[in-house]
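Number of protein chains: 2
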Amino acid sequence: MSKFAMYGKFTAHPGKGDELAKILLEAAEQSKDFDGCELYIINTAEEDPDTIWVTELWRDVESHDASLRQEGAGELIRRARPLIAGVQPIKLRPLGGKGFDRSN
Amino acid sequence: MSKFAMYGKFTAHPGKGDELAKILLEAAEQSKDFDGCELYIINTAEEDPDTIWVTELWRDVESHDASLRQEGAGELIRRARPLIAGVQPIKLRPLGGKGFDRSN
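As they're listed, the protein sequences go chains A and B.
Here the first sequence is numbered in our numbering, starting from 1301 and rising by one per residue.
Here the second sequence is numbered in our numbering, starting from 1301 and rising by one per residue.
FYI, nobody ran anything at the bench for these hints, they're computed from the structure.
Heads up, some of the hints might be wrong.
Where chains are identical, the list cannot tell them apart; a pair therefore holds if satisfied intra-copy or between any two copies.
Said to hold, decoys possible - No more than 27 Å apart at the CA atoms, straight line, and that leaves these computed lysine-lysine pairs for BS3-like:
id	residue 1	residue 2
1	1332	1391
2	1332	1316
3	1322	1391
4	1316	1391
5	1391	1309
6	1322	1332
Keep in mind it's a predicted model, so treat the numbers as computed, not measured.
Based on the provided sequences and hints, a complete structural model is requested.
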C-alpha cells in the first residue's frame, strides 16, 4: 500500500481567488476528520492570488477517492464551481522526507 | 512573520530520475535538522519518473534561504547538477489546513 500525493491547481476567475481560497479552507477543515488524510494545505501562488494550490498527502489513493464521496464535499464543490476557471491536478508518488511520516 | 511554501520541480535527464530522487532524499534527511523546516517531501510525478517534485514548508522565507547556505548543501548540489535538465520553483503563500500547524 503506497501513499498518494497530489498538488491541485485551481485557477479562479479574475478577482475570485480569495473567495475560492476560503471555500477550500473549509474543505481543509473537513479533511481533518477524514480517515487517511495526512496533509491538506491551502496555498496561493506568490505571483498570482487567483491561482490556488492544494497540497495533499493521503495514506493511500483509496482514502483520497473515498473523501470525494464524503457528506459535505458535494455542497462545497457546488459553491466553489462558479468561481473556478480551471483545475489541473498533478498526481504524485511520495517517496519520503520530512513530514512523510507523522513521526518526523 | 508568514510561512513560506514551495513546490520544486526537477526535470532529470532521461532515465536519471531515480538517481536524482535518491540525492534529494539525502537532502530531505539533512532538512530534518534545519531550523524552521516543517515539510520537505520528495515525490515523483505519477506520469513521469524523471520528474521529481519537492514539497517544502518553512516557518518563514528566511529559514528557507538560510538552509541553502548550510554545510552539506553545496556537496549535494554538486552531485545532483549533472543529472538535472531543468528546475522550476513554484513559490507559495500557505494559508492553512491540515498539516499547516504541527499540532493538527
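>> Check the structure against each numbered hint from earlier and tell me which ones fail, lowest number first.
In response: none
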